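Here are the chains, one letter per residue:
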Amino acid sequence: MIKVENLTKRYAGHTAIKDLSFEVGKGEIMGFLGPNGAGKSTTMRILSSFMPPTSGRATIAGYDIFEQSLQARAHLGYMPENVPLYNDMRVTEYLDYRAALKGVPHRRISERVGDVKELCGLKDVEKKLIGALSKGYRQRVGLADALVHEPDLLILDEPTSGLDPNQIRQVRDLIRNLGKQHTILLSTHILPEVEMTCSRVIIINKGRIEACDTPENLLHEIRTAGGVVLEAKVGNENGAEELKKITGVRDVTATVDGEWQRFALRVESGADLREEVFRLAADRRWAVRELTQRRATLEDVFVEITHADDA
Amino acid sequence: MRKFFVLLTREVRSYFYSPVAYIVLVFFLFVCGVQFYTQLSFMNGQAVSYSVQEAFFNSVFFWFAFVLIFPLITMRLFAEEFKLGTIESLMTAPVRDWQVVLAKFFGALVFYVVLWIPTLLYFAIFQVITKQPAASSAGAYLGSYLMMLLLGMFYVSIGCLASVLTKNQIVAAIISFCVITVHFFSGLLSFIMREISSATRQLLGYFSAIEQMGTLSRGEIDTRPMVLYISMTIVMLVLTHQAFQSRKWRL
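Line by line, the protein sequences give chains C and X. Using the numbering used here, the first residue of the first sequence is number 1, and each one after it goes up by one. Using the numbering used here, the first residue of the second sequence is number 312, and each one after it goes up by one.
It is worth saying that the hints were derived from the structure and are not from the lab. Source: prediction; values computed, not measured. Among the clues, some could well be false.
[As the list claims (entries may be wrong)] Partial chain C-side listing against chain X, Cβ under 8 angstroms, derived:
1. SER48
2. ARG73
3. TYR78
4. PRO84
5. LEU85
6. TYR97
7. GLY136
8. ASN238
Note that beta-carbon positions come from the ideal geometry of N, C-alpha and C, so glycine has one too.
Let's have the full structure, built from the sequences with the hints guiding it.
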């Protein structure tokens, strides 16, 4: 659906993205991650034909974004960062205008606008001025706008930024539902959201792709794949030293909580050392009140990948 | 073509969403009303050799207000979209740059024409009350309104260009106000500068809106200003289109 080849964008003085190449297949939900200033918005703006790349090519639904920009744009629903909207229009009026502008046939406009209002939960505010809407509703108007012409592809630039947890959940469910019929490329900072919704993830840093895989594979590959947490009464023994002797433990940090001690073990990739830790505790007759495995999250992957460069 | 009309409709309607439109309307009608009244009272006092309609379209007071309205109606055209960021949603929809430029130009022009419609009433009321014609002939009406339309087109296109150059509406308004004022008052140079050759005077006359108005409001339909203003408008719109496209490499 999206095919990007060697895309480069240079601004005066610095390079925003370097030699980006990736593909997004039909029906995929692709998460686009990276620290602020990594080039996410730049890439999305190029894909939406808002600005041309310095070099490289990209196609959307088979149409070149530069040579056949109009057709490419017709197949695309784009929601820009911060959702710019005309504050002096009413919700229905704005969506009617956008639908007509995007070439929805005249007799189908009210049907389509009704559908997207229903889908995005805008029925209650349809007669309100956009300028009077809360951030959450503005976001939904932006999403409804992106959907109104039934595009094959949705590009959403931080669709959940600035929303409260309930709204984030609603938008996430909405995106997951949309993923059944649409191809989606979305950027976000909220990593658990990506883990829950995306079928593949691209991590970009300083204009280059650092990783591109399914969330599961990314978690698998990461070196510090989580760890084990033990809370025990170890008496006068040095618990941390004993725990470090277990093969597979990389390091241990201990915190004291009254007579209890909490040990956080970082372990080698893929290892589950809970059994060994339990054996040790049983041998030493430590009283144990917690023994859990902490799974690595996408956050760990993100931090590791984007920090490796800085070090 | 349909997209052009969709854009045009939004542009025209957007004028009436904002209080600026009503302020401009009220201001313009007030100035025109005062102008009409003072001219009539003057003509009441003494014999003159021109008609009511000629008097209305040829006084300095009126021109002053006229020059002021263009920055007000054109400053927001592009500058507001740049400022709000709505340019991003606008230009990622499948529309062409020239459709946007023309829609904004004609949107402002339609609003400008709407400003003028109530002034037709003045002459109608005058004729009803005094039972005398306000103008020497129908061609005089045609000539003066044609001149207003031509000059309006040119000044609106200057406003479009000023607005596309900046995201600050005030800056856009100042640029267009300066350019329009300079153009307009350059036509007065021949009145101020006494010691210029007749050739220079004639040359300045070609560009003088005041002289052209004098001719057209008598009902002499001169094609020279038509060619001048239509071609200048086209030049301004081409420049606007170029400047609008330049956002792509300036970003």
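Hold the hint about TYR97 (chain C) up to the distance rule: shortest CB distance to chain X must be less than 8 angstroms.
TYR97 (chain C) check passes; min Cβ-Cβ to chain X is 6 angstroms, inside 8 angstroms.
Could you check if TYR78 (chain C) really has its C-beta closer than 8 angstroms to a C-beta on chain X?
Nearest chain X Cβ about 5 angstroms off; hint holds.
Answer holds if the nearest beta-carbon of chain X is closer than 8 angstroms to that of GLY136 (chain C); otherwise answer violated.
18 angstroms, violated
With a cut-off of 8 angstroms on the beta carbons, see whether ASN238 (chain C) makes it to chain X.
Where the cut-off is 8 angstroms and the nearest Cβ of chain X is about 59 angstroms from ASN238 (chain C), the hint is violated.
Hint status (Cβ of PRO84 (chain C) to nearest Cβ of chain X, threshold 8 angstroms):
4 angstroms, holds
With a cut-off of 8 angstroms, does the beta carbon of LEU85 (chain C) approach a beta carbon of chain X closely enough for the hint to hold?
7 angstroms, holds
At a threshold of 8 angstroms, is the proposed contact between ARG73 (chain C) and chain X supported by beta-carbon distances?
4 angstroms, holds
For the hint on SER48 (chain C), just tell me whether its beta-carbon gets within less than 8 angstroms of chain X.
Holds: closest Cβ of chain X sits about 4 angstroms from SER48 (chain C), inside 8 angstroms.
Comparing the model with each numbered hint stated earlier shows that hints 7, 8 do not hold.
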